[in-house]
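*Asks:* Given next are the chains, with one letter for each unit.
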Amino acid sequence: MELPILLLASASVPFGLVAMHDILSGEKKRGVFGIASAAWSFSGIFLVYLGVPGLLFFPGLMVILLASSLSRARRGGGVAQYLRPLALAALLVLITAGLVLL
Amino acid sequence: MVSAYGCVALCYCAFFAMPVSPAEPQDAFSFSIEESVYSSFPHIRETVYTNGKAFVGVATIRTISAPNAVFSAAFDRLDGYAEDYARDQYGIEIDVVAESNEKDYSFSGHRAVRYIYGVWKEVTVGYPPFETKLDVKMAEMGAIAWFCNVDFESVVLFYVTPAYFVDEPELDVLAVQTMELVAAVACH
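Protein chains in written order, with our numbering: chain V, 1107 to 1208; chain H, 403 to 590.
Just chain V, with the same shape it has in the complex:
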């Protein structure tokens, strides 16, 4: 495996470290979602290297982000808290439809 691919994979590491810090400082749920998205991006690079279509990974990341913002909205706040997950869900539907149509 060559240096450019390792560089690309390492782009997920800083967010993984931030997520670890979140877990250690008590923000467990937020940290778990952070770890999940960093791990998904990190493994995505190696799976693409092995021949898995790269198209699968962006929608996967969006699903993790959507789950994270839904969980945050359910913890409290008004209707406005649901705007972010709603926007993400709409974007996810658009991306998925776009990928299928293309």
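Some chain V residues near chain H, calculated using beta-carbon distances under 10 Å:
hint : residue
1    : 1113
2    : 1114
3    : 1118
4    : 1154
5    : 1156
6    : 1158
7    : 1159
8    : 1163
Quick look at which bits of chain H chain V covers, simulated, 3 or more residues with Cβ under 8 Å:
hint : stretch
9    : 413-423
10   : 459-468
Distance windows between CB atoms, simulated:
hint : chain 1 : residue 1 : chain 2 : residue 2 : range
11   : H       : 441       : V       : 1178      : 34 to 44 Å
12   : V       : 1173      : H       : 523       : 56 to 66 Å
13   : H       : 459       : V       : 1157      : 21 to 31 Å
Quick caveat, the hints were computed from the structure, so don't treat them as lab data.
For glycine and all other residues, C-beta sits at the position ideal for the given N, C-alpha and C.
Since the structure of chain V is provided, determine the placement of chain H on it from the hints.
*Replies:* Just chain H now, with coordinates in the frame of chain V:
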């Protein structure tokens, strides 16, 4: 958190600036080769193979996984660009017509996109007052693109082969040589 974003941005910048390992044929046959760096960010390297009236150009581009739909979208517009280029650069009026396209073409161990275009020109045959105008196929142009997953590079290959005419059999040989060169292009 800001420094985490900074680190990620640095990783991406370094990735896109890393030199590519250019896709090339195992044998250049009798073609002359010209190599150059087209862009440093993202890193793009182009190699041009020429042999008389035949031309093969290979561009290797540093990319994250690129779906074939991206290449198709670009190739759908290629006929218009080629017509404009011929008009602006050489003052020639040609018609470039897409003759076939395959969006899941097996090439060099990858799933590639391949478009084939015919290059047509209107020529006048005969002497006045009996001349007639004919549309003659002057050349065939092909475009093939694929994503090299082992290198995280996209490869775009163009070729132009002169059309075969009965009175110029050597052009037929040249077309065969060009297609052999194209078929031998592979990722690093």
